[in-house]
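Asker: As given, the protein sequences belong to chains E and Y, one line each in that order. Following the working numbering, the numbering of the first sequence begins with 1 at its first residue and continues without gaps. Following the working numbering, the numbering of the second sequence begins with 115 at its first residue and continues without gaps.
Simulated from the structure, these hints should not be mistaken for lab results. Quick caveat: nothing in here was measured; it's all calculated off a predicted structure. Do not rely on the hints blindly, as some may be mistaken.
Stated by the list, open to error - Calculated cross-link-like contacts (lysine-lysine; reagent style DSS-like; alpha-carbon spacing at most 27 Å):
hint	chain 1	residue 1	chain 2	residue 2
1	E	57	Y	172
2	Y	216	Y	183
3	Y	172	Y	183
4	E	57	Y	163
5	Y	224	Y	163
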Amino acid sequence: GAGVSQSPSNKVTEKGKDVELRCDPISGHTALYWYRQRLGQGLEFLIYFQGNSAPDKSGLPSDRFSAERTGESVSTLTIQRTQQEDSAVYLCASSLEGSRGTQYFGPGTRLLVL
Amino acid sequence: AQSVAQPEDQVNVAEGNPLTVKCTYSVSGNPYLFWYVQYPNRGLQFLLKYITGDNLVKGSYGFEAEFNKSQTSFHLKKPSALVSDSALYFCAVRDRRGGYQKVTFGTGTKLQVIP
Numbered sequence: 001g002a003g004v005s006q007s008p009s010n011k012v013t014e015k016g017k018d019v020e021l022r023c024d025p026i027s028g029h030t031a032l033y034w035y036r037q038r039l040g041q042g043l044e045f046l047i048y049f050q051g052n053s054a055p056d057k058s059g060l061p062s063d064r065f066s067a068e069r070t071g072e073s074v075s076t077l078t079i080q081r082t083q084q085e086d087s088a089v090y091l092c093a094s095s096l097e098g099s100r101g102t103q104y105f106g107p108g109t110r111l112l113v114l
Numbered sequence: 115a116q117s118v119a120q121p122e123d124q125v126n127v128a129e130g131n132p133l134t135v136k137c138t139y140s141v142s143g144n145p146y147l148f149w150y151v152q153y154p155n156r157g158l159q160f161l162l163k164y165i166t167g168d169n170l171v172k173g174s175y176g177f178e179a180e181f182n183k184s185q186t187s188f189h190l191k192k193p194s195a196l197v198s199d200s201a202l203y204f205c206a207v208r209d210r211r212g213g214y215q216k217v218t219f220g221t222g223t224k225l226q227v228i229p
């Protein structure tokens, strides 16, 4: 079946512009995660959704970052007024069993802020 | 606070030799433990997980991991390495308590299998 998909796969933007990243989880997966992975680094947790609510937003690095999820499906991560340090790969994962379950990752969106 | 340590940034092993990628964890209660692999320019793929029961867990691509509670370790192993196993490996832990519990990932270990 279809896995987690993310779009765009690559995004180049200018400093100060807003960007929107999209994640389509596996159908029926109620849990959804966003992570950031800087070049050569590990995973940095950003936010966790259970259904449409986000019980854990503790990883969002600043108020320039926000995320929403609608219909227990698609999620968007928005970065306002992008900075060069926002350049990274943004990974989305979904899980069937909430935070207990195996996470299935999308291919990521590679963001470059010039 | 829970944590995961992957003490080796990189592991080099010759093709055909056994490989081990180390992981130790710290969690308040009992753990769920996971291994994921990331091939270049790809997302992470699930390899295996320990929930409960048998301490030796077998996963995809011939990998296995042994849960050792006394040493709080969950090392990833494979009897005979392939060049195609070269990738970045992540260990992750979650407290087994109910409700929402954060999943913490290690910093990753790069495995290089030398032909």
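Asker: All the hints need checking, so say for each whether the structure fits it.
Answerer: Results of checking the hints against the structure:
no., hint, in the structure
1, 57/E - 172/Y, "violated (33 Å)"
2, 216/Y - 183/Y, "holds (20 Å)"
3, 172/Y - 183/Y, "holds (17 Å)"
4, 57/E - 163/Y, "holds (25 Å)"
5, 224/Y - 163/Y, "holds (19 Å)"
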